[in-house]
Amino acid sequence: MLEYFLPRASSFAGSIDHLFDLITYLVMFWFVLTMAFFFYVVFRFRAKPGQKAQYITGETHKQKQAVEIPHYLILLCDLAILFYTFKVWHEVKIDMPEYDEQVRVISQQWAWTFEHAGADGVLDTDDDIKLINELVLKKDTQYQYELQALDVMHSFSIPVFRLKQDAVPGRKIFGHFKPILEGEWDVQCAEMCGYGHGFMPARVKILAADEYYAWIAEHTPAHLKQDTAYANTESQLKEAPNNG
Amino acid sequence: MADTATATAGVDHHDDHGHHESFWSKYCFSTDHKIIGFQYLFTGMAMGLIGGFFSYVFRMHLAFPGSSIPFFGVVSPAAYNSLVTNHGTIMIFWVAMPVLIAALGNFLIPLMIGCDDMVFPKINRLSYQVFLLSAIVLIASFFVPQGGFGGAWTAYPPLSAESQYNGTPFGAPMWLIAVTLEIVAFLLGGINFITTVMNARAKGMKLYDIPMVVWMIVIASILFMASVGPLVAGAVMLLFDQTLGTGFFDPAAGGDPVMWQHLFWFFGHPEVYVVLLPAMGVVIEIICTFSRKKLFGYKMILYSSIGLGILSFFVWAHHQFISGVDPRATYLFTTTTLLISIPVAIMLFAMIGTLWGGSIRFTTPMLFALSFIAEFLIGGVTGIWLGSSGTDIYLHDTYFVLAHFHYTFVPIAIIGTFSAIYYWFPKMFGRHMNEFWGKIHFWGTVIPFNGIFLPLFVLGAAGQHRRIAGYTAYPDLYTENFQDLRVFATGSLIVLILFQIPFFVNFVVSLVRGRKAEANPWKANTLEWVAPSPPPHGNFGDNLPEVYRGPYEFSVEGREKDYWPQNEPETAK
Ligand code: HEM
Ligand SMILES: [Cu+2]
Ligand SMILES: [Cu+2]
Chain R
1 MLEYFLPRAS SFAGSIDHLF DLITYLVMFW FVLTMAFFFY VVFRFRAKPG QKAQYITGET
61 HKQKQAVEIP HYLILLCDLA ILFYTFKVWH EVKIDMPEYD EQVRVISQQW AWTFEHAGAD
121 GVLDTDDDIK LINELVLKKD TQYQYELQAL DVMHSFSIPV FRLKQDAVPG RKIFGHFKPI
181 LEGEWDVQCA EMCGYGHGFM PARVKILAAD EYYAWIAEHT PAHLKQDTAY ANTESQLKEA
241 PNNG
Chain B
1 MADTATATAG VDHHDDHGHH ESFWSKYCFS TDHKIIGFQY LFTGMAMGLI GGFFSYVFRM
61 HLAFPGSSIP FFGVVSPAAY NSLVTNHGTI MIFWVAMPVL IAALGNFLIP LMIGCDDMVF
121 PKINRLSYQV FLLSAIVLIA SFFVPQGGFG GAWTAYPPLS AESQYNGTPF GAPMWLIAVT
181 LEIVAFLLGG INFITTVMNA RAKGMKLYDI PMVVWMIVIA SILFMASVGP LVAGAVMLLF
241 DQTLGTGFFD PAAGGDPVMW QHLFWFFGHP EVYVVLLPAM GVVIEIICTF SRKKLFGYKM
301 ILYSSIGLGI LSFFVWAHHQ FISGVDPRAT YLFTTTTLLI SIPVAIMLFA MIGTLWGGSI
361 RFTTPMLFAL SFIAEFLIGG VTGIWLGSSG TDIYLHDTYF VLAHFHYTFV PIAIIGTFSA
421 IYYWFPKMFG RHMNEFWGKI HFWGTVIPFN GIFLPLFVLG AAGQHRRIAG YTAYPDLYTE
481 NFQDLRVFAT GSLIVLILFQ IPFFVNFVVS LVRGRKAEAN PWKANTLEWV APSPPPHGNF
541 GDNLPEVYRG PYEFSVEGRE KDYWPQNEPE TAK
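Here the protein sequences come in this chain order: R and B.
Just so we're aligned: 102 in full-length UniProt numbering is position 102 of the first sequence, and the numbers increase by one with no gaps anywhere.
Just so we're aligned: 354 in full-length UniProt numbering is position 354 of the second sequence, and the numbers increase by one with no gaps anywhere.
Chain B with its partners taken away, still in its complex shape (with noise of 0.2 angstroms):
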C-alpha cells in the first residue's frame, strides 16, 4: 500500500531512477506499467499463436478428415477436441483479455490520463507473473499423461468433474487451476485500473474529460470484477468434485450439473463485454483522430455502455434456453437479449456519426478501426437470431452461433488488437510500421476472415453442430456442397495465416529500422502524444501536464490547427 503515496505524488519517487538498470531489473521484474503492457502484450500474442496453429490444425482436420496435418499428423477424436477446447480457452483469456484490457489497460492508462505510473505498481508486477504462471500452467497440461482438457471452454460438468467421463486426469485439473490463476491475475489488474483512473488523474482532467478508451476499460474491469466472483465459486467446487470426489454437481450426491452452467455464464456473457468495450474505445479513438472530428455524443456513449454493463447481468441463461431450466424463464431472458441490441446499436450509430461530416484519413489503424464496425455489426445482428429462444431451439450449438461469436471476437481481438497496435506503435516504440506493408495485412486478414467464417453460418444453418469431429458420419452433413464450403473456409483460413507473416515481418523490422516517430506523430489531443515517443521511465518527466479540455475537440472552428491537445492552455494557438 505504500505505493499509492509516493507513486501519486508523481515526482522521482523510483528509486531507480537515476542509475543504470540491468536488462533483467528493467524487463522481467520491472513495476513499469509500460514494460508490463508489453509483458502482457507479447505474452498473448505469444499465446494467440498456439491457439491461431490449433484452429489451422481442426480447421485442416474439417476440411480434409482423416488426413496427416502438415506440422500436426492425423487427429484423433480426442486430440480433436482437446483442440477445440484449448482453442476458445487460450483465445478468451490468454489473448482477448491479456492483450485488450492489460497490455493496452497498462500501457495507455497512466500515460492518458497523465500520470507516471500505476497506483499500485508491485501488484501490477505480481499481477504479470501470476498470468505468466497460469499460462504456464495451461501449456504443461498438454503434456501430462492423457493429454490437455477437451470438455470445451465452457466445461460443463460431469464431464469435467470426472476423470472416468473425460480421461484426463491430470489435463482437466491444470486446465481449471489455470482459468483460475488466470482469472486472479485480472482481479489484481482491474484494481489497478480502476484505482488509478479514479486518482490519480492529471490536474484539470474532469470525469467527462477522459478519454473513451480509459472508461471502457475501467467500465470493463468493473463488469469483470463484479461477474467474477460466483465462476471462482464454481471452479473451486468443480476442483473438489475433481479431485477430491465431492458432489456439488453430481447429480448421483445430490448435485446440480446445470448449476454450474448459471455460474459459468453469469460470468461468461459480462465477459464477452470485458472484452468488447476495450476494443470500442481502441475504435473511437482512431476513428476521432483519423477523421479529424468530435466524439459523436460522449456522454451518449458513456452512459450506453454503462447500461450495456449492467443489463450484460441479466442475459446469462440465453446460452442454456434448452439447457432444463425452467422453460418459462426464457421469456425473460429473450426480452433481456434483445433488449441490449439497442446499447450496442447506439455505440455503433454513435461512432457512424462520428465519421460523418469528418476528413478521413485511410491509415493502416484506420482501416482496421472502419472494418472492426463493418465485421462487428454483422456479429451483432447474427446474434438477434440466436437470443429469440424460439429460433436457437435450433441454432443453438451449431456452426450459426460458432460464426456468429467469431463475428465479435474475431473483431474485438484480431481486428481491434491491430487497430491499436499500429495506431500506438509509435508511441511505445519511437518508431513507424510500414504503412504499405500494413495495407497488405489489413486486406489480407479483413476479406480472408469472411471467406472462413460466411460458409459456416450457412453451415450452421443447415444442421452442422460445433465440436463434431467426426462429421463423415453423418450422412446429411458429409455432402458434396458442404465440403465445398468447409475447404474454403479451410483454404481462407490458410490466407488469412499466410498474410500475417508480412505483419510479424514488419513489427520487428520497425522496431529496430523504422522510421522514427515524433512525440505527436497522428496530431492527437489525448495525454499520451505529450510525452515523448518512447516514454521514459515516468512518462513525462517532471512536468506532469495539466489538462484544459475534453480529448476529442479536433477541427474546432476559428482555430488554425484542426487538433487541440488536452493539455494545451486556452492562450496557445
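The shape of chain R in the complex, shown without the other chains (with noise of 0.2 angstroms):
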C-alpha cells in the first residue's frame, strides 16, 4: 500500500512494504469484523419498550470461551506478524551485505553533511566529496553508511527508501542500504533537535552508474586527475579495500 505514496528506491523497501501489507491483511480482517459486531450488538440490542435485558455473568465455560476462541486465533495472526517482522528486521537492521561503496553521514543543528568516498572509493582521503545537504548515489550499488551526531540527537531517514536511524552523538552507527531507482528525494531528519529540526531538508539523488562517475568527475579536485585513471573508476571501486 505503501507505494502508493511513495517508490519503493532500495531494495529492502518491498520487504518492509510486504510486511506492511500482511499486517494490514490480518488486522483489517478483524478490525472491521469486531466492529460490524459492535455496531450490531448496538443495534440490536437498542431498548425497547417492555422488554428486559439478560442476566449473563460471562463466567460460565461456554461464555468465556466466546471471548477466548477469538483470541488464540488473534495470537494466531501475531505469530505470523511476528515471523515476517523478524525476516524483516533481519533484512534490514542486523545482517551487514557486502558492500561497494561507503558514504560517511553526519549530523548537527540543523545540517546534515555526506561524505563520499570519491573516486577512490575510500572514505578519508583527499578525493573525498564533502556535500551539505545532498546525498549523491550510483544505482544498484550496495552502500554502507556510518551515521554521526556531533551535538544532539538526530535521526537520518529516507522515506523512498523505508530507511530511517538515530544519530547518537559520542557514536558512529552503521548500516546498509541499495539505490535501485533513479530519481531525486527528500531526506529528513527524524529526531527533535532544536529549534530547525523542522528545517533540515536534505535530498537524495541516485544517478545511473555513467552519470555518477561524470558527477564524481566534476566534483574531484584537478590536481587529483592526474592521479587517478578514470577509465577504470568502477573496476577500482569494486576493489576499494574494505575499511569499515
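Read the hints as simulated data drawn from the structure, not as lab findings.
We treat Cβ as the ideally placed atom computed from N, Cα and C, and that holds for glycine.
Don't take each hint at face value.
Mimicking DSBU-like on lysine-lysine, the simulated pairs with C-alpha atoms at most 35 angstroms apart in a straight line are [to be verified]:
| # | chain 1 | residue 1 | chain 2 | residue 2 |
| --- | --- | --- | --- | --- |
| 1 | R | LYS52 | B | LYS299 |
| 2 | B | LYS122 | B | LYS26 |
| 3 | B | LYS299 | B | LYS561 |
| 4 | R | LYS52 | B | LYS203 |
| 5 | R | LYS52 | R | LYS62 |
| 6 | R | LYS62 | R | LYS87 |
| 7 | R | LYS172 | R | LYS205 |
| 8 | B | LYS122 | R | LYS52 |
| 9 | R | LYS62 | B | LYS203 |
| 10 | B | LYS561 | R | LYS64 |
| 11 | R | LYS48 | B | LYS439 |
| 12 | R | LYS64 | B | LYS206 |
| 13 | R | LYS62 | B | LYS206 |
| 14 | B | LYS561 | R | LYS48 |
| 15 | B | LYS516 | R | LYS52 |
| 16 | B | LYS206 | B | LYS299 |
| 17 | B | LYS561 | R | LYS52 |
| 18 | R | LYS62 | B | LYS299 |
| 19 | R | LYS64 | B | LYS203 |
| 20 | R | LYS48 | B | LYS299 |
Negatives, chain R to chain B, calculated, CB over 10 angstroms [to be verified]:
| # | residue |
| --- | --- |
| 21 | LEU181 |
| 22 | ALA209 |
| 23 | ASP210 |
Put the complex together from the two separate chains, hints included.
What follows is the structure, given as C-alpha cells:
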C-alpha cells in the first residue's frame, strides 16, 4: 500500500512494504469484524419498550470460550506477523551485506554533511566529496553508511528507502542500503533536535552509473585527476579495500 | 498518620462538621475528597483549554504555513517546538492524569466503596497543592526569557540537557521541575487511593464486589508508583546536567544519552495504561448501567488488566527500535508488544459482551462510552503496525504514530472524561445536564475528531515526520494533495473546538439551573448512588452503607426491578 504514496527506491523497501501489507490484511480482517459486530450488537439490543435485558455473567465455560477462542486466533495472527517481522528486521537492521561503496552521514544542528568516498572508493582520502544537504548515490550499488551526530540526537530518514536510523552523539552507527531507482527525493530529520529541526531538508539523488562517474569527475579537485585513471573507476571501486 | 484511625472509624471525626465553614476553608483548603476531586477536575479542564489552544495554534500553522494565526500571530520555529512540546506535556501530565486519576479517584473512591473520606485527607490536600504548584511552574516557564522548553515531551538529551543546544536556559529546567513536582503530587495521591480501597471499604464489600472503575484506578496507581521511580532518578540527573554541568547523559563526559530514553520509556509506556485503565473503568460502569446488564466476565477483565499492567513493564523499548539500542533487543520487545494486544482485546470484547443481550439506552454518557469502544479500537489496532519493528523502521516518528496515539489518548482523555462528567454530574452537583445539548456536543466532538486524525494517518504513511514546523521546505511533502489533507484536519479541529462551546454553556447553566437530580437518577447499583446528590461532607451521614452483593446485578431474573443496589438487604423487593 505504501508504494501508492512513495516509490520503493531501496532494495529492502519492498520487504517493509510487504510486511505493512500483511499486517494490514490481518488487522483489517479483525478490525472490520469487530466493528461490524459492535454496531450490530448496539443496534440489535437497543432498548425496546417492555423488553428486559438478559442476565449473563460471562463466567460460564461457554461464555468464556466465546471470548477466548477469537483470541487464540488473534494470537495466531500475531505469530504470523512476528515471524515476518523478524525476517524483515534481520534483513534491514542486523544483516550487513558486503558493500561496494561507503558514505558517511554527519548530522548536526541543523544540517547534514554527506561525505562521499570519491573516485577511490575510500573515505578519509583527499578525493572525498563533501556536500551539505545533498546525498548522491549510484543506482544498484550496495552501500554501507556510517552515521554520526555532532551535538544532539538526530535521525537519518529517507522515506523512499523506508530507512530510518537515529544518530547518537558519541557513537558511530553503521547500516546499509542499496538504491534501486533513479530519481531525487527528500531526506528528513526524524528526531527533535532543536529550533531548526523542522528545517533540515536534504535531498538524495540516485544516478545511473555513467551519470554518477561524470558527477565524481566533476567534483574531484583538478590536481587529483591526474593521479586517478578515470577509465578504470568502476573496477577500482570494486577493489577498494573494506576499511569499515 | 493520625488521620488514618479517625477517618476509617467513620463517624463525625471532622472537627468542622457541625459549624459553618468559610468559603476559603471549604473550597481552597478543604480535606474533603469531593472538593479535592473538583479542584483537580477544574484545574485539569483549565489546563485542557491551554493544551487545546496550543494544538489550535500549531494546526493552523500546519494548514496555513507562515500566516498570522488569529489570537496568536506568526508561529516561529522556536514557538512551534515549544507549543508542540507543551501541548503533549500538558495533555498527558496536566489533563489526562489529574482528570482521570485524581479527579475521578478522589470523587469516586470513597463514595463507591462506601466510606466517608480518604484515609489520609491531609496528604490528599497536600497532593493537590503540589499539583497546583507544578501547574504554576509550568505556565510560568512560558514567560521566562527565551521562552518555554521545546525539546519534545520526551525531552531526549543532550538536547534537553544543555541550553547551548535547546536555547532555553530557564524554560528547560522549569519544565523538568514542573514535571517532577507533578509526579510527586501523584505519588501522594496514589498512596491514598490504594490504602483507602484496601482499608476503608464498606462492611461486606469483598474484593470482587469493588466496582471496576475503582479497581482500575487502584491498578493504575500501582502501575504509576512502580514505574515512576526510574524516571524521577533520571529527572534529577537531567536537572543536574542542566544546571550543575554534570554529564550523566553527555557522551563527552562519559555519560550515555540513550540511558535517558530507557528511564523515560520504562515509565512512559506503563503511563499509557495508567490513564487508559481509569477510562476503561468509567466506560464499564456506564455501559453496565445503560444496557441494564451485568458486567460480562468481571474476573476476566480484572485479571486481564493486571496482566496488562505487568506486561506493560516489558515493552518500553518499542519506542527505541531505531534509536541505537542493540538491534537484537527488538526481537524481545516486538514480541511483548504484540502480546499486549491480547489483554486489551479481551477487555474490549468483554465490553461488547456486556452489551449483548442488553437493553441499551442512548443517553449522552452512554454515547460517549460507546464511542470510546469504537475509537479506542482504531487506536489499538494501529499499534500493531508500530509494534512490529519491521514496519516501525518506516513509521517511527511519523504522523502515523501521531494519529495512532491520538486515537488512544483522545478516547481516553477527552471521550472518557466527557462520559464521566455527563454520568456523574448529577451526583457531583445535584443537578442534571441538558440531554439535547449533550448529544449535540457528542456528535460535534466525535465526528470532527475522526476528521482531524484520519487524514494524519495518510500523511504519516506518506512519510511526513512529526514535530516538523517547516514541511514546506520538503518538496515531497509540500504537494497539493497533502496540503488538502492538512487543511481538512485543521478545519475539523476548528469544528471540534466550536462544538465545545455548547458543552461549557451546558455545564455552567446546569450547575445553577439544571433539573434537580434525585439520589439515584440512572437506577444504578453502586454505592455512590446511595448518598444524596450532591453528597454532604462525610457522604453518607451516620449510616455508612453495608454491602450485600456485587456492583452489576442488573436485570436479575425473578426480580421486579431491573437493578439491585449493592446495599439493599436480601429480603427487600
Ligand atoms: C483533539 C485535540 C488534539 C489535537 C488536534 C492534537 C493535535 C496534535 C498534533 C498535530 C500534534 C503533533 C504536532 C507535531 O508533531 O508537529 C500533537 C502532539 C501531541 N499530542 Fe495532541 N492533539 C490533541 C489532543 C491530545 C490529547 C488529548 C493528548 C493526550 C492526552 C495529546 C497528546 C499529545 C502528545 C503527547 C503529543 C506529542 C508531543 C511531542 O511531540 O512532544 N494530544 N497533538
Ligand atoms: Cu532533527
Ligand atoms: Cu509504549
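### Message
For each hint given before, does the structure comply? Return the numbers of the non-compliant ones in rising order.
### Response
Numbers 6, 8 - these are the hints that the structure violates, sorted from lowest upward.
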